[in-house]
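Chain A is already provided as a structure; the job is to place chains B and C on it using the hints.
Quick note, the sequences are listed as chains A, B and C, same order. Each number in our numbering corresponds to the 1-based position in the first sequence with 10 added. Each number in our numbering corresponds to the 1-based position in the second sequence with 10 added. Each number in our numbering corresponds to the 1-based position in the third sequence with 10 added.
Among these hints, one or two may not hold up.
Label-pair ranges, simulated between beta-carbon atoms [stated by the list, open to error]:
1. B:A328 <-> C:I115: 57 to 67 Å
2. A:Q308 <-> C:Q74: 52 to 62 Å
3. B:A328 <-> A:L320: 32 to 42 Å
4. B:D51 <-> A:I42: 50 to 60 Å
5. C:Q157 <-> B:S104: 23 to 33 Å
6. B:L320 <-> A:Q308: 33 to 43 Å
It should be emphasised that the hints constitute simulated quantities derived from the structure, not laboratory data. Built from N, CA and C at the ideal position, the CB exists for glycine as well.
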Amino acid sequence: MAKSPFLKNTWYAALLSSDLSEDLFSRRILDIPILFYRNQDGAPIAMHDRCPHRFAPLSMGKKQDNCVVCPYHGLKFDESGKCVENPHGSGQISEKAKVRSFPLIERHGFIWIWMGDLPADESALNRHDQLDKGHPNGIAHTYMHRQCNYELITDNVMDLSHVDHLHGEIISTRGQLSPLIPNLVEKNGDISVRWEYEQTPAILILDPFLPKPGIGGKHFIEVTWSKPSHIQLTIGATQDENPILDYDHTVAQYDLHTCTPETENSTHYFFATRRNHLEEDADYNAMKIKAMHDAFEQEDGPILDAIQGLMETNDFLAMDPALISSDMGPIKVRRTLKKLIEAEQ
Amino acid sequence: MAKSPFLKNTWYAALLSSDLSEDLFSRRILDIPILFYRNQDGAPIAMHDRCPHRFAPLSMGKKQDNCVVCPYHGLKFDESGKCVENPHGSGQISEKAKVRSFPLIERHGFIWIWMGDLPADESALNRHDQLDKGHPNGIAHTYMHRQCNYELITDNVMDLSHVDHLHGEIISTRGQLSPLIPNLVEKNGDISVRWEYEQTPAILILDPFLPKPGIGGKHFIEVTWSKPSHIQLTIGATQDENPILDYDHTVAQYDLHTCTPETENSTHYFFATRRNHLEEDADYNAMKIKAMHDAFEQEDGPILDAIQGLMETNDFLAMDPALISSDMGPIKVRRTLKKLIEAEQ
Amino acid sequence: MAKSPFLKNTWYAALLSSDLSEDLFSRRILDIPILFYRNQDGAPIAMHDRCPHRFAPLSMGKKQDNCVVCPYHGLKFDESGKCVENPHGSGQISEKAKVRSFPLIERHGFIWIWMGDLPADESALNRHDQLDKGHPNGIAHTYMHRQCNYELITDNVMDLSHVDHLHGEIISTRGQLSPLIPNLVEKNGDISVRWEYEQTPAILILDPFLPKPGIGGKHFIEVTWSKPSHIQLTIGATQDENPILDYDHTVAQYDLHTCTPETENSTHYFFATRRNHLEEDADYNAMKIKAMHDAFEQEDGPILDAIQGLMETNDFLAMDPALISSDMGPIKVRRTLKKLIEAEQ
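Next comes chain A alone, as it looks inside the complex:
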């Protein structure tokens, strides 16, 4: 097996649940083209999007019951990738006529894929049950595609010190975040950074939902990376005198950012956000996910793509960067992931 630049025996988000139907859908993941579809029970299926006969993309073929039929010579494969029909000659099926299938888990509105050769380990996929708690109008998902290496995106989310510089008024911390050195905690292989601070007014995405808008409040942001590239971010604000700074005791949102390499230099970026206020308002929900999607697409995204074009290597640390205090989180993540990839090979 050739050296991979990616961690393979792990879970990646492959697509939004809402993006998969019984229709054939092709997406490249870790530089391998994958065919996805739902079977008649609604269960998601994934296999190599390449017929083992003449290497045609199965996604250009058609569904037949729970099977997929190759567009070129009509070989039929069941949902495990096993060839179940060869319409040619005596109909004998070659031992080689097998398509590699990939284990999937559908959870929290995403379909997760295991790309490695070791048996899929369901327990290795972190739970984010908070996403599923509450009114259905209190959660939204989105998908973005970027022309940059996925670690540039995890860097971006692990180090929020950019928010006051890159983003607009709506998520400004009024300069409060940058001077702080976040608290870093490692636990069970996960890496968290946490900031606590006051700002006036409160961050505008939360301010209207505080008891007294406009007068500011205490804030916390906690960001936790789990291998290979999942980042859970909670942000909350409160006006309590002796506040408990967590999701349940503040006006808060609980977000999941997860990045999946398409190739070494392009990324599938998935995002979900759950909130504990105005949970039933479908219009607000739609506006909120659109605003977050647009902020990334229009503000972070173009910078990250441009950085990709200016880096001679994806090994960021090899480029001898001038680090700042808030790089602590992303650098710890990069070093941890690098060790995991090296250990796997």
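Quick look at chains B and C alone, frame taken from chain A:
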């Protein structure tokens, strides 16, 4: 000389006769840019499309009598590629001022080119005189360009088991072809596969011309590859009780498919079709060639381009494919061609 | 330091003076992205267009007084590239937080940049004071971008024997130039070629300004290359009996062509032209620069780009060209530049 991925001392179709006039025309063949034009006698001329002085494309220059004048400094070359005029200094002509010319044969509506360093061997170009017999409205030619290696196209024509899977109603064998294992014959270096079968109704491109349309008949298809990438295909149907299954004794068409590498991953694909029915009908002729052109462009072509994108190497057998019985023909062709290329180097 | 295909300790034109304002401007030079802007005194500034922290392009950031602020995390750099503000943590500034700046000279309507590691040597930039003498409507500048190696352009200007072949009526020498073998002079590292000849009528760009248009005259053209890729061209015509063939004693123009590698295969091409006739006519000036710009863009440019596509290497001499007498100048230039580049490494 560097290793070439192509057989060089052989004939390739370079262009349709009808595509060449006295105007300069440039086409890349075996990854070499070639200038084509007709001289005042109508004879086709081919030479390297690159001035030996400063490497400008001669095709951007102009014709002068039977010569071509370089657009940059006006060096003039005759149809053998010899420099016959240098308007600079004393007008002396450097020994190096020669453009490589390429032998051509014009035959069957195509212009064929010899790309090798050995003397061109006219006898090495197979004759397809059947193409020239009959009414001029009984033959048509077309040209297509594809973003795939040429052997993917010869595979496609040598193994017709795909027709019932990839193509529409009009050339369906109603499932009769796939179960058959074709008869393979090697003769004088050529490789033929032949199928004989019955179908009802007869294949729709021939059915209307049988004595009793709609009731089916006996069919044969014979496909013969000649090096490096010429494939002659005859298909016929008859309702005779004791039929002779050849072009002369059936309602039939005689086709020539020939592929010329533009680069390793792109191909000039030429096609001619002669028929022995409704020979004088110009409208039918035009409709027929358009339908065949479109079938390839819209049905085979996109699959072959997609396959190219999914293959890590053009050495198909190195990818350990799951072969089926009808691959016999194309695999024999690939192995034969590979040996010829290796022998040449 | 890796081998560079370019001479580095020398001056290149970076941009037209008129193209630079206080706004941030990015241009790739010798394959390095450079940020340009003017400070509040109007002085031009150049630095690596890449933040040393996370490699974002500074040109996507914003100006603040004479400084530039990185768009991603707000690090601020002064015009020398020194980091003067880090809004993060304690605000400490890493030793590595330096952006490489590049020496500039603004002269003759161009901004010149020194890309090497040795100290910039102002005396190494040839003066072309003739450009600045006379009425402001007697000079014009233009900028062009081409997809070819810069030496193909210097070849083009050093060998004017192409003008009667590639260009239109307006700069035709009526076939007089090509037969001449120009006089080549080397002096202080510069290389000049000079032609003197008569033509009737005089070259059309000068003919209307001679005492008796239409009857021809004596002409001279002198072209001088200075390292690395600056070419000064003077052309003049006169009807004097015993003429002195220089700019001051003929109807003449004094041009500067200068080429700057963007990458190995693309070039920034700058041009200025000064004339000693109809100097005050702004409309004529605008027409003249447009005509010269268009001649290059439409006549030389497409040929040079096509040549680039047909050359297997940028080492022209390694391709064993069939040289002609007028190649003397460009070949001397290529050999001289090659030695300078080798000596530098």
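Cross-check of the supplied hints:
The given range of 57 to 67 Å is respected by A328 (chain B) and I115 (chain C), whose C-beta atoms sit roughly 58 Å from each other. Distance hint check: the CB atoms of Q308 (chain A) and Q74 (chain C) are about 22 Å apart, inconsistent with the given range 52 to 62 Å. A beta carbon spacing of about 37 Å between A328 (chain B) and L320 (chain A) agrees with the range 32 to 42 Å that was offered as a hint. Separated by about 57 Å at the C-beta atoms, D51 (chain B) and I42 (chain A) satisfy the suggested range of 50 to 60 Å.
In this structure the supplied range 23 to 33 Å holds for Q157 (chain C) paired with S104 (chain B), their Cβ-Cβ distance being about 29 Å. Separation of L320 (chain B) from Q308 (chain A) is about 34 Å and conforms to the stated range, judged on CB atoms against 33 to 43 Å.
Hint violations for this structure: number 2 only, all remaining hints satisfied.
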